[in-house]
Amino acid sequence: MPGKNSIVTKLVLVITLCSTLIFAVTLGYNYYRSRVVLENELEANARNLAMSLVYHVETELIGVAKVTEGVANSLESGQYTEKELLSLIRTTVEKNPDIYGSTVAFEPYAFSPSIRLFAPYFYRDKGKIAFSRLEDSYQYVPYLYWDWYQIPRELGKTEWSEPYFDEGAGNTVMSTCSVPFYGEKNGTRILKGIVTADVSLDSLTQMISSVKILKSGYAALLSRNGMLLAHPLKDAVMNETFFSIAEARNDASLRELGKKMVSGESGFILYNSLMGFRSWMYYAPVRSTGWTLAVVFPEAELLENVRCLSMTMAAMGFAGLLLLVATVVYVASAIIKPLRLLAAATDDIASGNFDVELPAVRSKDEVGVLTHDFQVMKTSLKEYIKNLTETTAAKERIQSELRMATEIQASLLPRLFPAFPDRPEFDIYASMDPAKEVGGDFYDFFFIDDTNLCFLIADVSDKGVPAALYMMVAKTLLKSEGQRLGEPDQILSCVNNILASDNDSTMFATVFCAILDTVTGVVRFANAGHNAPVIMDSQGIRYLTLKPGFVLGPMPGIVYKAERLTLKAGDTLFLYTDGVTEAQNMEQELYGEERLLNALKQAPKEDVTEMIHYIRSVVTLHTNGASQSDDITMLALKYRKEGT
Amino acid sequence: MLPLSTWAVSEPVLKKATLMPLWTPQAQFAGYYVALDKGIYARYGIDLKILNAGPGHDPVRALKDGSADFAILWLTTAIQQRSAGTDLVNLAQIIQRSSMMLISRKSSGIRTVSDMNGKKVGLWGGDLSIPPHALFIKYGIKVREVPQNATVNLFLRGGIDVTSAMWYNEYHTIINSGLDPEELNVFSMNELGMNFPEDGIYAMEKTLHNDPALAGAFVKASLDGWRYAFEHPEEALDIVIRRMREAKIPANRIHQKWMLDRMRDMIMPGTSLGAPGILKEKDYEAVCSSLLKAGLIRSCPYYDAFSRRSDAGEK
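Chains as they are written, first to last, in my numbering: chain F, 1266 to 1909; chain Z, 3 to 317.
Simulated from the structure, these hints should not be mistaken for lab results. There may be inaccurate statements among the hints.
In the DSSO-like style, the derived pairs of lysine-lysine whose C-alpha atoms are separated by at most 27 Å in a straight line are [as the list claims (entries may be wrong)]:
#  : chain 1 : residue 1 : chain 2 : residue 2
1  : F       : LYS1393   : F       : LYS1450
2  : Z       : LYS51     : Z       : LYS66
3  : Z       : LYS122    : F       : LYS1524
4  : Z       : LYS208    : Z       : LYS66
5  : Z       : LYS250    : F       : LYS1391
6  : Z       : LYS122    : F       : LYS1450
7  : Z       : LYS108    : F       : LYS1524
8  : F       : LYS1391   : F       : LYS1348
9  : Z       : LYS122    : F       : LYS1422
10 : Z       : LYS108    : Z       : LYS144
11 : Z       : LYS51     : Z       : LYS259
12 : F       : LYS1525   : Z       : LYS108
13 : F       : LYS1499   : F       : LYS1391
14 : F       : LYS1422   : Z       : LYS121
15 : Z       : LYS259    : F       : LYS1499
16 : F       : LYS1477   : F       : LYS1499
17 : F       : LYS1660   : F       : LYS1647
18 : Z       : LYS259    : F       : LYS1524
19 : F       : LYS1647   : F       : LYS1629
20 : Z       : LYS108    : F       : LYS1422
21 : Z       : LYS250    : F       : LYS1499
22 : F       : LYS1450   : F       : LYS1348
23 : F       : LYS1629   : F       : LYS1602
24 : Z       : LYS121    : F       : LYS1450
25 : F       : LYS1525   : Z       : LYS259
26 : F       : LYS1629   : F       : LYS1643
The following label-pair restraints were derived from C-beta to C-beta distances [as the list claims (entries may be wrong)]:
#  : chain 1 : residue 1 : chain 2 : residue 2 : range
27 : Z       : LYS250    : F       : SER1352   : 32 to 42 Å
28 : Z       : GLU185    : F       : LYS1422   : 21 to 31 Å
29 : F       : PHE1542   : Z       : LYS250    : 23 to 33 Å
To be clear about the criterion: a stretch of chain F counts as covered by chain Z if any three or more of its residues have a C-beta under 8 Å from a C-beta of chain Z, and this derived list gives those stretches [unchecked claim]:
#  : segment
30 : 1519 to 1532
31 : 1887 to 1895
Using N, Cα and C, we set each Cβ at its ideal position, and we do this for glycine too.
Construct all of the structure, not just a fragment, from the sequences and the given hints.
Written out as structure tokens, the structure is:
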């Protein structure tokens, strides 16, 4: 299973995200465009449907109104007897199947001065034409006070009444078309009465209710007051207005919509229908009555096809995405697999196992090249490490030998201090710190006889093993010749001749050799190119002025001059090699003779051990961590003049 | 004496009684229908029958001819009748103030009562025209009266400039026919100093004299019915709407809810107007004085004789 950071996972994630995004945008745009197209089409359809229904209703209503107005005209133009009037009304009802009933209702005493109210009414009853007199059938409220009479009378024009249940006369839900008609009296036009034709709303509302739109869409009819005349909400028909429903649902937008509808506007809107679902509605006025006809398309059903298509596309897209992911996983895994094997193998290599088998190279792609390179690298590394192991072993052997050489060299120099505990006439102390394992510097001191102490310090040119070997020769010669000859100039001359005779390597050494007469304090000394020692006596601390002398080794036949000085009790001689004065710090600044002289002034004078340790520490302080480039060797002798 | 209700429970035989409301079933009479439906009258020992009312049914006539023991009448009607010699008495005043109003469209330019001078004003017939008539007399204006029927269509179609309306009924019908309150000017009788308390419970003096306990129980049960209706408005509306359907009257629940809410405003007013059911002498005198001024009555009946509180028999 590829991990969170695997290339396969990243690849799958990126490709899936991008594909999903592209797909979602495409799908969304497709849905939106389809919807817009559908909505445009719907608006046209809805308008056509509504207009055809409106036309249907209007045709019927206008026909009825024309007939009624015709009757009113004929009543204005001629005088009718009661019989003629009844016949006229009856014929009107008979000839016009859309007219449910009709009356000519007269103003008080307008039909006859002897009759106050007169309103003969013909209406349909079980397929026959029935007759009643409205002045009698309206028991409690005379016809004069009914809307169908009052409104056209007060307005003086044809009016359709708000639909009502005509209890007593028609006994059905009807709307009445009322037309006032006039007569003349003393030259003025006066109202004689109202001609009416009732339209039963049954057939109209049935026709509208029978309109089926999709599964749950419908057509509806509202009165001028917003009363529901035809609507799937059966309980609300003739009981509720659009506004009372809006109030019951506390929906101000519904009320606003209702106001637009009853004010005779037409429109196409998306709204929450009274049936409780999001719907598109086209509404248009029925001009003659001021009613509103509406056709309602449930949005969900309308968009069902688009939604179905979108869902199918979404499903296909999802399946495609799955396929894509599977393919990407497969391809990526195929590409990544040799890399993974290689990674696993290199894990082993990284932990030091160079014998691991790298996966076989099957292709010449980047992974193949990489595997081949790894193979080469593995072999080279193996070879290199083998060499390194051998070299290291050799080096370790040399190291151990060098360690031994160091010990041997160190053991050659007198290291026991105090060196002569039974000789209180002087104190002597010396130290040698080689720059490498073995050094070229050395010092020595030994008695030639009971009173003469020979002490010397030397510095072999070059460093390391050759210098050490040369030093051993020089030291051995100096000691043996020192004991044999007993004079410093002779010792140096003799040793120089021996060294120079077989000196192919042209190595040399500087030596300061001195012999102290412990009784008199006289020091005889000779110098073979060595640094001048420091003397500390009652006159102060200063470098000795030496006669020049050639170094030991390169050339035979050199003659060295002997000098002498006398030490008083408390005087000290300080010998050193150039490792001290040429000690460098990081800035390659030499320690120098002047600093050495100053340091000696500060150093403890009484104890030569402490003195040398002090100088050593001051030099270390100066070098301040810089690597030691030369051997550092010091020897101090303090004359005390005690004993005999 | 035991409390009446205790006595009623122990008495299995219920006294028959009849009530005629002022109009067809609607929330204006919710208290009575609820009291009947919830058995409150029966608990008070009354086997009540609520008679059909509305067009063709005159509660005054029903009281007079004995076909109704109790009736709901307006105070103005009752004072007129009493003044004209009908021996009816007020047992309880249910609606404590006038809910009548005149309404004009703002667009008609009628902004004050005086603006109605010469305009077509729809007026209901009979006693319901008394408050507006009194108002016109008070303002000294003459309007063109147009008889108004039960609908507001004449007004909605523009056949009249001003319509009569009850706050609890026609006002709301107009709103629910698509006119916004902001489009209307409302002249409330109550605010114009024509504060005529309306619905009250009445009986003939004879009925009260014959069985004062029945009259007392009837009033208490009716008030209990109202209290129950206000505490359980949805149930009360169910009861009223069932009655309306039985009477084949178009029923519109939100309209009946509006009506019931207004009834609460007028029956259970703040404490300043006193306890429900009481006809205050001050109100009575004010109505009498208006009627006298308008020439609608010749003399004001004595308050004590007119207002026989339900518990009068027990005093």
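When the structure is checked against the list of hints, which entries are broken? Sort them ascending.
Of the numbered hints, 1, 31 do not hold.
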